[in-house]
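> Going by the UniProt record's numbering, 24 is the number at position 24 of the sequence shown; the sequence numbering is gapless.
Hints were generated in silico from the structure; no laboratory data involved.
Since we're looking at a predicted model, the values are computed, not measured.
Treat the hints with caution; some may be incorrect.
[Claimed, not checked] Pairs of lysine to any residue residues, derived as SDA-like cross-links and limited to a Cα-Cα distance of at most 20 Å, are as follows:
id : residue 1 : residue 2
1  : LYS35     : ASP14
2  : LYS35     : GLU22
3  : LYS35     : ASN11
4  : LYS35     : THR5
5  : LYS35     : ILE24
6  : LYS35     : LEU25
[Stated by the list, open to error] Here are the in silico distance ranges between beta carbons for each label pair:
id : residue 1 : residue 2 : range
7  : ASP65     : VAL37     : 55 to 65 Å
8  : ALA13     : LEU107    : 26 to 36 Å
9  : LEU111    : TYR16     : 47 to 57 Å
10 : ASP64     : ASP14     : 20 to 30 Å
Even glycine gets a Cβ: it sits at the ideal position worked out from N, Cα and C.
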Amino acid sequence: MDKDTWTHLINVADVYEAEVVESILQEANIPFLRKYVGTDGYLKIVTGGTFNNVELYVPEIFYDDAVNLISISYEEDNSSDETYQQDKSHWSEIILIAIAFSLLYGLFMVLANQ
Numbered sequence: 001m002d003k004d005t006w007t008h009l010i011n012v013a014d015v016y017e018a019e020v021v022e023s024i025l026q027e028a029n030i031p032f033l034r035k036y037v038g039t040d041g042y043l044k045i046v047t048g049g050t051f052n053n054v055e056l057y058v059p060e061i062f063y064d065d066a067v068n069l070i071s072i073s074y075e076e077d078n079s080s081d082e083t084y085q086q087d088k089s090h091w092s093e094i095i096l097i098a099i100a101f102s103l104l105y106g107l108f109m110v111l112a113n114q
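Assemble the whole structure, with the sequences as input and the hints as a guide.
Rendered as structure tokens:
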């Protein structure tokens, strides 16, 4: 394998997500290249951002390590998202129960005054 042979690693949604992945690669001392899809290279120059995907490449000899690092990072992100969704669902249930009790209490008070 040749260090000068670059291999496509990942497409990300925007520059900000690219910077997150790049920081993971930098921490592991893995070199990378960022390429913009289509005319987004020009948009990056003019507006400072892009609207389409950003492609990241790494040298072929670092590819396996980079994939492992990125997959671990995305698994951690997804597990925290699942926890957040479970917490959100739990709080939604509590709020619905509180609303139901409030309505029942209000109905009881109206009936008690008649």
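> All the hints need checking, so say for each whether the structure fits it.
We went through each hint and held it up to the structure:
For the given pair, LYS35 sits about 11 Å from ASP14 by alpha-carbon distance, which is consistent with the 20 Å threshold. A hinted pair counts as satisfied when its Cα atoms are at most 20 Å apart, and LYS35 with GLU22 qualifies at roughly 12 Å. Only pairs whose Cα atoms come within 20 Å are accepted, and LYS35 paired with ASN11 is accepted, the gap being roughly 10 Å. As the CA atoms of LYS35 and THR5 are separated by approximately 15 Å, the hinted pair is consistent with the 20 Å bound.
With a C-alpha separation of about 17 Å, the suggested pair LYS35 and ILE24 falls inside the 20 Å cut-off, and the hint holds. Taken as a hint, the LYS35 and LEU25 pair is honoured in the structure, with Cα atoms around 16 Å apart against an allowance of 20 Å. Hint check: ASP65 to VAL37, Cβ distance near 25 Å, so the stated range 55 to 65 Å is violated. At roughly 49 Å, the beta carbons of ALA13 and LEU107 sit outside the given window of 26 to 36 Å.
The supplied range of 47 to 57 Å is met by LEU111 and TYR16, whose beta-carbon atoms lie about 56 Å from each other. At about 26 Å, the CB distance of ASP64 to ASP14 agrees with the hint of 20 to 30 Å.
When each numbered hint is compared with the structure, violations occur for hints 7 and 8.
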